[in-house]
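Q: My request is simple: use the sequences and hints to build the entire structure.
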Amino acid sequence: MTDYLEIKSIVKSFDGKINAVDGVDLSIAKGEFITLLGPSGSGKTTTLLMVAGFEHPTSGTIELTGRDLTKIPPYKRNVGMVFQNYALFPHMTVEKNVSFPLRMRKFNRSEIETRVRRILDLVALTDHAAKYPRQLSGGQQQRVALARGLVFDPDVLLLDEPLGALDKNLREQMQVEIKRIHREIGITMVYVTHDQTEAMTMSDRIAVFNKGKIEQIDVPLKVYREPTTRFVGEFVGDSNLFDGLVKGGAVDVTGIGAIRPPRADPKLEGRAVDVLVRPEWLRIVAPNDRVADGELTFEIVVDDTINYGDSILLFGKAQQRSVRVRAITSHAGIFARGAKVRVAIDPANVFLIAR
Amino acid sequence: MLMVRPQIVAWALLAPATIYLVVLFVAPLVQVLFLSFTDPKLSANHFIRVFSAPLYLRTLGVTFQAAFTVTAACLVLAYPLAYVMARSKGRLGIILLAIVGISFWTSFLVRTYSWLVIFGNRGPIAALYEAMGWGEMPQLLFTSFASTLGMTHLMLPYMVMALYAVMSRIEDNYVRAAHSLGAPPFAAFRTVYFPLSLPGVINGSLLVFAIVMGFYVTPQLLGSPQSRMISQLVAEQVNELLAWGFASALAVVLLAATAIVITIYNRVAGLDRLWGD
Ligand SMILES: Nc1ncnc2c1ncn2[C@@H]1O[C@H](COP(=O)(O)OP(=O)(O)OP(=O)(O)O)[C@@H](O)[C@H]1O
Ligand SMILES: [Mg+2]
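Note that the protein sequences, when read in sequence, are chains E and Z. Residue numbers for the first sequence follow the numbering used here, beginning at 1 and rising by one. Residue numbers for the second sequence follow the numbering used here, beginning at 1 and rising by one.
Derived from the structure by calculation, the hints contain no laboratory data. Check each hint, because a few of them may be wrong.
Stated by the list, open to error - Straight-line alpha carbon distances no greater than 35 Å define the calculated DSBU-like cross-link-like pairs of lysine-lysine that follow:
#1 E/Lys106 with Z/Lys41
#2 E/Lys76 with Z/Lys41
#3 E/Lys247 with E/Lys106
#4 E/Lys131 with Z/Lys41
#5 E/Lys211 with E/Lys179
#6 E/Lys211 with Z/Lys41
#7 E/Lys96 with Z/Lys41
#8 E/Lys267 with E/Lys179
#9 Z/Lys89 with E/Lys71
#10 E/Lys168 with E/Lys213
#11 E/Lys317 with E/Lys267
Predicted model only: the values in this text are computed from it and were never measured.
A: Pasting the structure below:
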């Protein structure tokens with residue numbers, strides 16, 4: 001992976017006391033789709049604004065293809081940005097909005113026309129070129145913002161929660177759209193969201209932010225299956241986190257029993273750990289079902305169930321510890337409150353997080 | 001529970017304001033219009049006189065000129081001030097807002113008298129001339145310059161407030177978006193910020209223009225007796241000559257002239273035209 005956009009230990013403090021961004025390192029490959037995921041106030045927007053040039057890092061550097069960006073003003077960076085509320089110019093038509101960056105760069109008229117036509121085609125807005133932003137739906141405005149951010153071939157496109165204002169259906173539609181555009185023009189995208197599903201479905205890699213720091217950078221599946229910190233395990237996806245102690249290569253899960261994960265890190269030997277078991281990694285064992293060798297089974301008492309139609313989420317307790325189980329089943333009826341259910345964990349589906 | 005039709009409630013709530021406006025605004029206006037054609041006898045003579053005597057046309061011209069000058073001067077002075085107020089994040093914006101607010105709430109009369117002092121024979125300017133040995137200070141009081149300056153000073157807070165109201169609602173992200181799209185600071189201002197601030201420019205200009213057209217106190221106290229504004233003429237007709245009919249005709253002309261200018265301005269610079277559809 002060649003480094004294209006290189007963020008080197010940037011720190012940003014607004015008040016000189018607390019670091020809103022606290023030593024972030026991130027190297028991004030050309031053409032990559034990277035997502036900054038994290039809770040509110042974790043420093044995602046601030047990081048993005050520093051890349052765009054609207055905030056100055058307190059320390060650290062940002063390099064694009066080896067050239068230091070930190071001293072270059074935003075309008076000379078050639079970095080596109082899509083804002084959460086789009087920031088479409090209300091006094092310009094769609095066409096004028098989209099041609100704005102080209103006019104600023106003094107492109108000639110025919111070049112402007114060609115490019116605007118091509119990009120409006122890409123986002124399927126050709127028929128709306130003469131409209132003003134407020135005459136468009138939320139999804140259309142979003143596409144104008146994308147077109148405007150892409151039309152001048154920026155080196156990087158930054159997107160700050162671009163789908164935050166849209167309803168669920170439209171959001172999913174736009175996720176697909178943005179991915180398609182990313183594929184078709186192969187531009188490097190840095191995408192900010194606090195929606196973990198969005199991050200999982202769209203990204204090449206996810207950087208999980210917490211309190212101004214990156215807790216983990218990895219491909220989505222790895223972030224989901226092998227979170228390096230308890231925070232990541234909890235923030236990304238639904239989770240059961242049990243207390244455990246590693247002894248002789250096996251982990252003793254407090255109140256539940258011992259299990260031997262095949263790939264346990266030898267460095268964890270003798271240490272207390274968080275044991276991550278995703279709700280769908282637990283299997284409901286019917287009375288006649290076989291239990292494989294090495295599987296850990298235990299009993300839970302059902303508190304509640306949510307039926308999603310395609311699956312159910314079961315909330316229960318094992319020895320006073322809350323447990324969630326997600327199962328693909330249509331037998332929600334049998335899991336009444338107070339019912340006892342046996343569940344099994346496959347050792348391959350246990351991940352140990354160092355404390 | 002007693003059921004009251006919502007319309008009745010709405011009318012009941014609107015009634016005091018409506019009655020107030022009809023009694024104190026619409027009725028006198030109708031009376032002025034009536035007097036202008038009937039006092040002392042039914043005719044259009046007053047209007048013929050206004051438009052045939054050079055004195056009155058000249059006064060109308062002076063009034064327009066003062067209104068244009070003051071509006072333009074206020075705009076030029078207020079725009080940068082409101083811009084800084086709206087854009088500065090820290091204490092500066094609040095301090096400026098407070099200063100403008102204070103002058104906003106200080107009476108017209110007090111502020112007009114303060115110019116009498118400043119431009120007077122024993123005022124600071126006279127003292128400066130004396131101290132520097134520049135000789136006799138130029139005549140400042142009772143000139144159109146003093147009157148225009150005074151009115152500009154009085155109207156400045158109105159213009160600042162009108163601009164600030166609009167500018168403070170222009171999100172930073174518009175300007176940021178312009179920068180990220182390649183617009184250097186001045187280009188971003190010219191193509192994005194300024195057009196977005198235009199509603200404030202229009203509101204402020206209309207407000208200042210309309211008020212200055214009818215200004216009385218300041219031109220009376222500071223201005224030149226040779227180039228009076230129309231409301232001074234109206235006052236003179238009423239106070240000294242008791243010519244209610246002619247005074248009313250002058251007032252009607254002033255009102256009509258102001259309305260015409262505002263209508264034209266709205267046609268040319270109307271918001272509906274600026275922002276499409
Ligand atoms: N201009 C500013 N002045 C002072 N503090 C700021 C400023 N901008 C952000 N902060 C602070 O910096 C921290 C990080 O903010 P940031 O906007 O980067 O968070 P975020 O991860 O984008 O959150 P969200 O998901 O809510 O958008 C927050 O504590 C915020 O209050
Ligand atoms: Mg944010």
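Q: Indicate, hint by hint, whether the structure satisfies it.
A: Right, here's what the structure says about each hint:
1. E/Lys106 with Z/Lys41: violated, 69 Å
2. E/Lys76 with Z/Lys41: violated, 75 Å
3. E/Lys247 with E/Lys106: It is violated: about 69 Å lies between the C-alpha atoms, which goes past 35 Å.
4. E/Lys131 with Z/Lys41: Violated - the C-alpha atoms of Z/Lys41 and E/Lys131 are around 58 Å apart, more than 35 Å.
5. E/Lys211 with E/Lys179: holds, 28 Å
6. E/Lys211 with Z/Lys41: violated, 84 Å
7. E/Lys96 with Z/Lys41: violated, 62 Å
8. E/Lys267 with E/Lys179: violated, 39 Å
9. Z/Lys89 with E/Lys71: holds, 23 Å
10. E/Lys168 with E/Lys213: holds, 29 Å
11. E/Lys317 with E/Lys267: holds, 31 Å
The structure does not agree with the numbered hints 1, 2, 3, 4, 6, 7, 8 stated previously, though it agrees with the rest.
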